[in-house]
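Sequences listed follow chains A and B, in order. Numbered as in the working numbering, the first sequence ends at 263 without a single skipped number. Numbered as in the working numbering, the second sequence ends at 1190 without a single skipped number.
Read the hints as simulated data drawn from the structure, not as lab findings. All C-beta atoms, glycine included, are put in the ideal place defined by N, C-alpha and C. A couple of the hints might just be wrong.
Claimed, not checked - Here are some chain B residues the structure puts well away from chain A; computed CB gaps all over 10 Å:
id	residue
1	Y1009
2	G1011
3	E1015
4	L1020
5	A1030
6	Y1033
7	F1041
8	D1050
9	P1051
10	Q1059
11	E1075
12	P1106
13	E1108
14	E1109
15	G1157
16	K1175
Claimed, not checked - DSBU-like, lysine-lysine: derived pairs with alpha carbons at most 35 Å apart:
id	chain 1	residue 1	chain 2	residue 2
17	B	K1187	A	K178
18	B	K1064	A	K38
19	B	K1008	B	K1026
20	A	K38	B	K1008
21	A	K178	A	K38
22	B	K1187	B	K1008
23	A	K178	B	K1026
24	A	K38	B	K1187
25	B	K1064	B	K1008
26	B	K1064	B	K1026
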Amino acid sequence: MNCPEVQELLAPYTLGALLDAERAEVESHLAGCSVCPKVLQEHQQVVDQFPYGVSLVDPPVGLRERILDRITESEQAVAPGKGGARWGHGWWSAFLRAARRPRPSVAFLALLVALATGGWAISLQLEMNRMEGDNDQLQEAVQEQRTALYWAVSPSTIVWELEGTEAAPDAWGTLLMKTDRDEAFLVVLGLDPSTPGWVYQAWLTQDGQSISAGTFFVNSRGQGIHTIHAPQPVPSYQVVGITNEPAGGSSAPSSTPVLGGSQ
Amino acid sequence: MGTEVTEKYAGLSDEQLVALVAQGEKEALAALYDRYGRIVFSVALRLLRDPSEAEDVTQEVFLKVWARASGYQAERAPFARWLLSITHHHAVDEIRRRHRRVHTQPWEEALNQTVGSPDSLGDGQIWANLGLRSVREGLEQLPGPQKQAIVMAYFQGMTQVEIAQRCGAPLGTVKTRMRLGLQKLRKLLK
């Protein structure tokens, strides 16, 4: 988007009248523009006062304690086990740098090209020696890749970019989500290829509670694609993380995540 | 944890409290709640018009503060702006997630419920400079279509497309009304 297009959207942006995808596009432009943020600031100074225009109502009695109790409970629920990953408050601060960023980025465009070639899923499955002669599984893998590509270019898709941790500093990933959908596509790049006896596992965390989001493999080029099915809309989760687990997956993360992000 | 928390942190700025929250001090979060819990709940209630949902949003807002304190940068925005922006965003998300149609409420009624409170928190410099007693007074000085677009967007959580459909106006016209309305409010300062 160019400056005139963005400036046309700055008033609705400031008032909260844009959809998430539109907000992302505006924020992407603002990050690299020296003019539009000044216009935004003028609108923001006015809208900043709007909250003070509402009648003040006392919150319910006990709400303060309920908030503090939830924090305490969330920290206790994810207490680290022996050799396990630390999923408490301080640990996830590493992912705060990987807050949702707007697309597209150069890396994201490279991902689109990779998805579009159609060869990714095929090479992945063949490498894992699970699909020789199995045309149905091959077709499923290609379909998964095509659907992910369709989501990647859809304006209604929410893009959540993930960053590698110290354990995998070159890793990068994207979670393609849609509002109110409990399905999402995880696409990863730059991870170490899967080795026999091990599998990558995705985790979703909400209010300190983590659930498994399934397992997947990474090919010799460090690429992996995985369809996530969650109990509730994926955008409602606050943290996503990827760990390397023993084959078959684990009931809880047993190692430090290699990739992830928070929102 | 109660009065003693308030006294312990009374001399600290919001930003100093956030820094303590980032270090894992729950008491510091409690102190921020004591300062802003009322206005956060009130903004959420204003948009959602349901105390239970407003309570849920208030919880989520302060849990987000807890989770993202280490990522907060004071030089980018004062804490109050950051917090109330999160609040508004969460409330609007909740409206849209549940496909709520709270904007079945006539927008004029929504405006009437937007009154300034003498004991509102924050400096409210714009309104003090204007000699206005309330946000509502400022909005009342706008032309009807501009006032309508701003109220529907901010206080009823409607998207620009929904506003255009409701008003029977082109989308471009709605965007212009919002922009001119905010510019007019700002010009009242000069």
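Hint by hint, here is what the structure shows:
Residue placement check: B:Y1009 keeps its beta carbon more than 10 Å from all beta carbons of chain A (closest about 14 Å). Residue placement check: B:G1011 keeps its beta carbon more than 10 Å from all beta carbons of chain A (closest about 21 Å). Interface exclusion of B:E1015 from chain A stands, the closest Cβ pair being 16 Å apart, more than 10 Å. Every Cβ of chain A is farther than 10 Å from the Cβ of B:L1020; the closest lies at roughly 13 Å, confirming the non-interface assignment.
With a cut of 10 Å on Cβ distances, B:A1030 falls inside the contact zone with chain A, its closest approach being about 6 Å. Its closest Cβ contact with chain A, about 5 Å, brings B:Y1033 to no more than 10 Å, contrary to its assignment away from the interface. Non-interface call for B:F1041 relative to chain A: violated, since the shortest CB-CB distance, roughly 4 Å, does not exceed 10 Å. At roughly 12 Å, the least C-beta separation between B:D1050 and chain A is larger than 10 Å, which holds for a residue marked as non-interface.
For B:P1051, the condition that its CB be more than 10 Å from all CB atoms of chain A is violated, with the nearest at approximately 7 Å. Under the 10 Å C-beta cut-off, the non-interface status given to B:Q1059 relative to chain A is violated; the minimum distance is some 5 Å. Even its closest Cβ contact with chain A, about 14 Å, leaves B:E1075 beyond 10 Å, as expected for a residue assigned away from the interface. Listed as a non-interface residue, B:P1106 keeps its Cβ farther than 10 Å from every Cβ of chain A; the least gap is roughly 18 Å.
Separation of B:E1108 from chain A is adequate, the least Cβ-Cβ distance of about 15 Å exceeding the 10 Å criterion. For B:E1109, the condition that its CB be more than 10 Å from all CB atoms of chain A holds, with the nearest at approximately 14 Å. Distance check for B:G1157 against chain A: the nearest CB is about 7 Å away, which does not clear 10 Å, and the non-interface claim fails. At the 10 Å boundary, the C-beta of B:K1175 falls inside the reach of chain A, the nearest C-beta of that chain being 5 Å off.
With a CA separation close to 40 Å, the supplied pair B:K1187 and A:K178 exceeds the 35 Å bound. Of the supplied pair hints, the one linking B:K1064 and A:K38 holds, its CA atoms being roughly 27 Å apart against a limit of 35 Å. Under the criterion of a C-alpha separation no larger than 35 Å, the hint pairing B:K1008 with B:K1026 is consistent with the structure, at around 13 Å. Taken as a hint, the A:K38 and B:K1008 pair is broken in the structure, with Cα atoms around 38 Å apart against an allowance of 35 Å.
Distance restraint check for A:K178 and A:K38: the Cα-Cα separation of roughly 31 Å lies within the 35 Å cut-off, and the hinted pair is therefore satisfied. Straight-line distance between C-alpha atoms of B:K1187 and B:K1008 comes to about 42 Å, which puts the hinted pair past the 35 Å bound. Between A:K178 and B:K1026 the CA atoms are separated by roughly 34 Å; this keeps the pair inside 35 Å, and the hint holds. A threshold of 35 Å between alpha carbons decides the hint, and for A:K38 with B:K1187 the separation of about 16 Å falls inside it, so the pair holds.
Only pairs whose Cα atoms come within 35 Å are accepted, and B:K1064 paired with B:K1008 is accepted, the gap being roughly 23 Å. Pair hint B:K1064 plus B:K1026 holds up; C-alpha atoms about 13 Å apart against a cutoff of 35 Å.
Consistency note: the structure conflicts with the earlier hints numbered 5, 6, 7, 9, 10, 15, 16, 17, 20 and 22.
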